[in-house]
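Peer 1: Single-letter residue listing:
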Amino acid sequence: MSKLLTIIRREYVQRVRSRFFVLATVLGPLAMLAFTVVPALIFKINAGGPVRIAIVDETGHMYERVQAALLRNPDAEEDAGEAAEQAATPAANAGRDPGARAPQSSGRSPEVSYTLEQVAPAGRAPAEVQRALNERVRRNELDAYVILPRDILATGKAEYYARNLGDVVTVRQFKSRLSEAVSEQRLIDRGINVQFVHDSTRELSLATRKAGAAGAAASDGGGSFGLAFGIGFFIYITVLLYGQVILGAVVEEKATRLTEMLFSSVDTFTLMMGKLLGVSLVALTQFLIWAGAFLLVTLYGAGALAGSNVHLPHVAPAVVVYAVLFFVLGYFLYATIYLLLGAMVTTTQEGGQLSMPVVFMLAASLWLAVPVIRSPNSSFARLVSLIPFSAPITMMARIVAERPPLWEIALSLLIGFATVALLIWLTARVYRIGMLMYGKRASIPEMLRWIRQE
Amino acid sequence: MSQSDATLVLDSVSKSFDEFVAVADLSLQARRGRIFGLLGPNGAGKTTTLRMIVGITAPDTGRVEVFGQKLTPVLRDRIGYLPEERGLYRKMKINEQLRFFGELKGMSGRDAEREMDRWLERMKLSDWKLKKTDELSKGMQQKVQFIAAVLHDPELLILDEPFSGLDPVSVETLKAAVLDLQAAGKTIILSTHIMAQAEQLCADICLLNRARKVLGGSLREVKRSYGRNAVALRVEGAGDILNDATLVASLKQHSDETEALLAEGADAQELLRRLVQAGARISKFEQVEPSLNDIFIEKVGGS
Chain A
196 MSKLLTIIRR EYVQRVRSRF FVLATVLGPL AMLAFTVVPA LIFKINAGGP
246 VRIAIVDETG HMYERVQAAL LRNPDAEEDA GEAAEQAATP AANAGRDPGA
296 RAPQSSGRSP EVSYTLEQVA PAGRAPAEVQ RALNERVRRN ELDAYVILPR
346 DILATGKAEY YARNLGDVVT VRQFKSRLSE AVSEQRLIDR GINVQFVHDS
396 TRELSLATRK AGAAGAAASD GGGSFGLAFG IGFFIYITVL LYGQVILGAV
446 VEEKATRLTE MLFSSVDTFT LMMGKLLGVS LVALTQFLIW AGAFLLVTLY
496 GAGALAGSNV HLPHVAPAVV VYAVLFFVLG YFLYATIYLL LGAMVTTTQE
546 GGQLSMPVVF MLAASLWLAV PVIRSPNSSF ARLVSLIPFS APITMMARIV
596 AERPPLWEIA LSLLIGFATV ALLIWLTARV YRIGMLMYGK RASIPEMLRW
646 IRQE
Chain B
23 MSQSDATLVL DSVSKSFDEF VAVADLSLQA RRGRIFGLLG PNGAGKTTTL
73 RMIVGITAPD TGRVEVFGQK LTPVLRDRIG YLPEERGLYR KMKINEQLRF
123 FGELKGMSGR DAEREMDRWL ERMKLSDWKL KKTDELSKGM QQKVQFIAAV
173 LHDPELLILD EPFSGLDPVS VETLKAAVLD LQAAGKTIIL STHIMAQAEQ
223 LCADICLLNR ARKVLGGSLR EVKRSYGRNA VALRVEGAGD ILNDATLVAS
273 LKQHSDETEA LLAEGADAQE LLRRLVQAGA RISKFEQVEP SLNDIFIEKV
323 GGS
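Chains as they are written, first to last, in the numbering used here: chain A, 196 to 649; chain B, 23 to 325.
Everything labelled a hint here was simulated from the structure, so no lab data went into it.
One or more hints might be untrue.
Computed footprint of chain B on chain A; a stretch qualifies when at least three of its residues, placed anywhere within it, have a C-beta under 8 angstroms from a C-beta of chain B [what the hints assert, rightly or not]: (1) 447-455; (2) 587-600.
In the DSS-like style, the derived pairs of lysine-lysine whose C-alpha atoms are separated by at most 30 angstroms in a straight line are [to be verified]: (3) 92(B) to 198(A); (4) 113(B) to 92(B); (5) 160(B) to 198(A).
A partial selection of chain B residues facing chain A, derived with a Cβ cut-off under 7 angstroms [stated by the list, open to error]: (6) 76; (7) 103; (8) 107; (9) 122; (10) 127; (11) 172; (12) 175.
What you are looking at is a predicted structure, and each value in this text was computed from that prediction instead of being measured.
Where a beta carbon is used, it is the ideal one built from N, C-alpha and C, also for glycine.
Please model the complete structure; the sequences and the hints are all you need to start from.
Peer 2: Laid out in structure tokens, this is it:
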């Protein structure tokens, strides 16, 4: 027992003190931030400023309506009444000074702002007007121009010419705003109250609550979906990160020819478990540091991170317990496989190649969580949540989506931990021989022979 | 010798890896307080034998006993092992490694610290105590590894090629340490393919070749049984006497002397008498024991 502690302590102390650990602990959350927040921020950047569009209104009466639709405050869209009011008001001067309104349009999605300009055909031939506009676009005085044909209300067709058609966001938004303007005009032409149409077609709000859960407290709007994926993703990341560390720890001893010294002092099982537990404690330490930092940030700096939009779903205590259990199961299941791989290979590179199927299995169970969460009680969901390699993620998804009967959860845990025990037993058999074999990777038949051997 | 006197007993031990026979039907005994030399060319099965003694691999058949019983985890703590494949944690400080290895042998941290200071001093490595393995030379690393093997004061010490790759000064330091341990009553198993070292250190030997024991016993017995009739000569004017096939079987010329292997049934005294009669000037005439090297080459070289 004390030898096991000695090995765990060495593994732990050496790793926690290493520069790699310090770097990973500091950079880990930053990397997470970089991968989640930064893309969203970048997406929001509207590098080009307002889009300058000239509108050739061949109908002679659509311009105001289109202008109103394009400059409409997107936040106000929720409030249909206000929107309609604005649409009805001919904002004559808005086109001259759109900049004043543009800052308002920095909402959740990348809102496009416009600088509009009306071009009257003034008796010129359409081709001539177009040539003049093309020239202005070429000289970078305009970004785009649009032609509203005389029969736009009947055909529902318009033409959009731009320097850059790759800016799909702008094109898509422009199209939907123009459609709004056209349909409003159609309604008005028929003498229908636009306000009334807006009010009557307003989308209803659907409150999603978990059936059977105690009352209204269990409000759950996609949060459980996020939670299930969160846990699954957490298992995935942890295994990827620390599986590699375990592999490296085993290969290191092989590469530095330490194995013989160690095997002459302790038995295989102690050595193996010491490594596994030592590295696991390192992982635990890292997570605790991260959790502590996260708590501090949420307590003192939530506003700065604009976290107000993030609503953590309400989580039942039982779910937390299950999450821990299945996390531990998933971690040790895959960690043991990495341990086994480490004993089989001679370099970490080789280990990396061999671990590809393992990573695939893990990723596959993350994908499997999607159908499982959609129909958590299907026989498919039942099956994959009992298979030990996908159980940690898929059973967690079921628990969060629709709590399965207790016996199923217990069975899944039982099969899972039995598999871990079996894997540890197998690994112990392979470990000693594998570790003493230098210079050559073990083949599968060789391994099978080692397992059979006494 | 009595059984109780034997720290280590191997009884008809065999070990094969797939088709390859590493050790075949090997029996030997190592007595307490003596140095036992396990000799043989590379690939003879020395390392496999040592691995079976420390319990890294199990024999296919046969029996290995240390301290009169089968190896147990408790007994393992009384054995020290310096493997041929040297290894230390590269990024770990020397004092931490030694403490780690000491604790793996059941020492307390405090005892390990005390003993390591003593040994580092003796090996002239005290200044390197807080350095990492990577900063040490190969020879220094080997001495550190030796300390790791003896730190817990084992009663049975197993050294696999302990002197290979060391400079002459370090070899002497290590030899002195080994002899001190022997004087303190430890049993030492030493594997080597350098016969001169074995001859200096070992009281008993076992010569392995191609997985089999070809020779064994105390060094003296072995030499006596190999009592070839050889004479070291420094002589002038010997005439044809040395070429007389009834007297001398073969001649070997060394730098300043000649080694004459006498013919079957010939007597050294007869040779001396004939040389004196012939009026040769004799400055050296010495009956020589065969060196272990000679025995080794004769036993192994021809096969």
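Peer 1: For each hint, tell me whether it holds in the structure or not.
Peer 2: Consistency of the hints with the structure:
1. Residues of the segment 447-455 of chain A lying with their CB closer than 8 angstroms to a CB of chain B number 7, which satisfies the three-residue condition for coverage.
2. Counting residues of the segment 587-600 of chain A whose C-beta sits closer than 8 angstroms to any C-beta of chain B gives 0, which falls short of three, so the coverage hint is violated.
3. At most 30 angstroms may separate the alpha-carbon atoms for a hinted pair to count; residue 92(B) and residue 198(A) meet this at roughly 21 angstroms.
4. Proposed proximity of residue 113(B) and residue 92(B) is contradicted: the alpha carbons are some 36 angstroms apart, above 30 angstroms.
5. Between residue 160(B) and residue 198(A) the alpha-carbon distance is near 28 angstroms, which keeps this suggested pair within the 30 angstroms criterion.
6. A hinted interface residue such as residue 76(B) counts as satisfied when its beta carbon comes closer than 7 angstroms to some beta carbon of chain A; here the least separation is about 4 angstroms, so the hint holds.
7. Interface hint status for residue 103(B): upheld, as the beta-carbon distance to the closest one in chain A is roughly 4 angstroms, under 7 angstroms.
8. The beta carbon of residue 107(B) comes within 4 angstroms of a beta carbon in chain A, closer than 7 angstroms, and the hint placing it at the interface holds.
9. Interface hint at residue 122(B): satisfied, since its Cβ lies 5 angstroms from the closest Cβ of chain A, which is below the 7 angstroms cut-off.
10. Interface hint at residue 127(B): satisfied, since its Cβ lies 6 angstroms from the closest Cβ of chain A, which is below the 7 angstroms cut-off.
11. At a threshold of 7 angstroms, the smallest CB-CB gap from residue 172(B) to chain A is about 13 angstroms, leaving the interface hint violated.
12. At a threshold of 7 angstroms, the smallest CB-CB gap from residue 175(B) to chain A is about 14 angstroms, leaving the interface hint violated.
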